[in-house]
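Asks: With the hints as your guide, set chain R onto chain H.
Going down the list, the protein sequences come from chains H and R. Number 94 in full-length UniProt numbering belongs to position 94 of the first sequence; there are no gaps in the numbering. Number 462 in full-length UniProt numbering belongs to position 462 of the second sequence; there are no gaps in the numbering.
Because identical chains cannot be distinguished in the list, a pair is counted as satisfied if it fits within a single copy or across any two copies.
List of simulated lysine to any residue pairs, SDA-like, C-alpha gap at most 20 Å: (1) Lys103 - Arg93; (2) Lys103 - His50; (3) Lys103 - Asp88; (4) Lys433 - Arg155.
Source of the hints: derived by calculation from the structure; they are not laboratory data. Note that the structure is a prediction, hence the values are computed from the model and not measured.
2 protein chains.
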Amino acid sequence: MKGGAVQYMPVTQSMFLIAETRDQPMHVGGLQLFLPRDCQTAEELAEEIHEKFLAATDIQSTFLKRPASPANLAGYTAWQQAHDIDFDYHVRRIILPRPGEIKNLLRYVSLNHGALLDRSRPMWELHIIEGLADGRVALYSKIHHSLADGVTALRMLQRTLTTDPDDRGGTAFWDNDLLRPRRKRPSAPKPSLLSRVTGAVGSAVEMADELIGTVPAAAKIAAAGVFDHDFVAPMQMAPDTILNVPIGSARRFAAQDWPVERLRAAARRHCITFNDVVLAMCSGALRRYLDDQDALPDDSLHVCQPVSLHTEGDSASNAITAILARLATDVADPAERLREIVASTASAKGVVRELKPLQSLALGAANVWPLAFAPVPGFVNYTPRGFNLMISTVPGPEEDLYWNGAKLDGCYPVSIPMEGLAMNITMTTVAGKANFGIIGARAQLPRLQRILDHLEISLVELEEMEPLQQGA
Amino acid sequence: MKGGAVQYMPVTQSMFLIAETRDQPMHVGGLQLFLPRDCQTAEELAEEIHEKFLAATDIQSTFLKRPASPANLAGYTAWQQAHDIDFDYHVRRIILPRPGEIKNLLRYVSLNHGALLDRSRPMWELHIIEGLADGRVALYSKIHHSLADGVTALRMLQRTLTTDPDDRGGTAFWDNDLLRPRRKRPSAPKPSLLSRVTGAVGSAVEMADELIGTVPAAAKIAAAGVFDHDFVAPMQMAPDTILNVPIGSARRFAAQDWPVERLRAAARRHCITFNDVVLAMCSGALRRYLDDQDALPDDSLHVCQPVSLHTEGDSASNAITAILARLATDVADPAERLREIVASTASAKGVVRELKPLQSLALGAANVWPLAFAPVPGFVNYTPRGFNLMISTVPGPEEDLYWNGAKLDGCYPVSIPMEGLAMNITMTTVAGKANFGIIGARAQLPRLQRILDHLEISLVELEEMEPLQQGA
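Bound conformation, chain H alone (with noise of 0.2 Å):
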């Protein structure tokens, strides 16, 4: 493999690559699950994704990315481009040892999630995985946060994907070809709720005149964080809570998924956002785990949004800010935490609102600072945060969709712990499924898979208890 064309590499993604450490490795990654098509079997369709992935040898740049070599002390500053492809290193095929339940394949994407990319080859790597005793055949990709955030990875994996069953067009997501606008695609994501609140339709890369506005932004969090008690502004303390230590490089994953139109029910229930729904499932389970664990805080746990600032036509870069928000999580009752927890969540997008959105990008970068200064050893340990886990919700398309005729039948983001915060939680909505994959810290996060009835019962709890009385 040799190196071509040097590339000048913006600080928004050479961050990752600076901020990354052998406990921290900064790639996402997804699990897909597919069902083969009638007369299918596993063996049959992940033999044909590996044929067709492997014909795809026009390859989109940013699958040909990497850092230039010789890395220099300062950082990465450039990226090169390859010209081909070690496929054999890249695609990797893998057979789930019986009994080939879901908990096989969730602990095989945990091993290797905990894997640092090899920065002398474009850093992502696709991994075939058959076994499952259900008869689906799994995809788990990791992609470097460098070259993509969550919602971009997300973005490139259903542009391989089609609402049309006798679609026979399959190809691995690197190919050149689906930047075409020529095949038939599902409609593209609508905005998520978050980012339409904020109005953030423009791309931030492009519109650097707005940098001037920065500092008037700045100043409309400080009055914010004075006036108003429910906003959470950047840099106030969080608890210390496990979720905020040093961790290991190793990981461990859950993931499950409810049916889009529950969450939705339940919205529509207590007149509160989607979104708002997501974080009460979130606390409720998140309170459960740590009283299991013997680590509840008496503070309420702050949680730092990502909100994405995608548009429709941008694809591949990173592009989001970030709102904080309380969890309540130290509140009881059920009813008094949703209360809570909408009001913290009004608050902050108060603020987003009049944001433009490259002012909203510098707010982001004001409330995730502290993460730069964690690989400094002992700095987790003394230095107060803003918040203490991350939760994303990423809305995918609606409808079924399908590879090659198979219907993908789960779509699980796996994302990144840090020093300091030992837990992500991301929520996609795909084709009426909301798919939360939570990942943690192996070491730190015993039991981690709990979470996943504890969210449940949660669901229950907004469910079945009175209909919010807002403002009350």
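Replies: Frame of chain H; chain R shown alone:
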């Protein structure tokens, strides 16, 4: 997993933690193949191994050690003893994809050998691998070099084996029970030819008083460098080759075995040592491989051969020195090449012969010191080096060995490529087979598996050429 007592870590161990980078993982590996016993399927053998291994919960202290945390910037200076093991993490099961050929197995090892071990837990992994079409079951193990060198790791594995095919006491290599000397074990391996030459029979670590002899030893080396033109003095310039470049983390692993008797017959034919036969095979193979890559240097490759200072009594420590030899890869004629190799190793042994163990250790350190600087970016490209690659030979038991009745049918070492040393060849003799394991940096050494064919060609050359006229 909670931490226990803290224990001093000597520099001979911590150096492997300090020298480790994401592109240069410092763990050694082993790949063992087992034949199921009569009337047993591969699946049943794999289940049996898994069950028996997980039942071994009284764990040797070596497999509970991890670097004390938090790490300090000056390096790791202490071991911490874990109380228990997260078996779900350390013991992994997998089934190879079809067609289940040896190349599928070697690829699995290649892909996993580039991944760093987690420092927040005891630094080892065991992979139980099924799916080989030939019905064998493979065990791939990784252990950090700070815990054990290749010789020690091989002995740990062998301690679980017995010469009795009817013995059903098979257990895990971490079983504390194995350290109690009441079980029937294979005879201890004979000291290697090289270590017998050195006369190194003491435990180097305990002989600190010998350090006083180090300066005269250094003077002796200098004298040999001046008076004996066959002796390769430390730090003499070795040629620039594609083996001596910065590397990425991805690996390529090739392995094959030959009957020990074929190599012994070649040694007898030419009245040379077994080790000279190994070097001659490697020399011919490397000459062909580099020539294929259009990368054969005008000057000969220089090889570094670690020499074990292990004695029969000591077990769990690093104790090696090294000699340097000229491989004569610049010589086209096989007979002349062999003659030059024999002259070079005889001379190097001449120096080592008169050294005491700690003096030999000092010689080894002098020969390998540039490695310590390799992780500094740019260093590799600009520094003269004393050798181009390391070739190790590790003798094991000669008898057939069994685990719970399953016959050991191959035992390949998986060693460590480094910055500036992109290839490593290690050979172990076990139960009548000479098992070559060749590990290389993936991007830097394409088509590495061709060396296996070249080794065979070189051995045939040795078998067919006229007996060597020594001193001619």
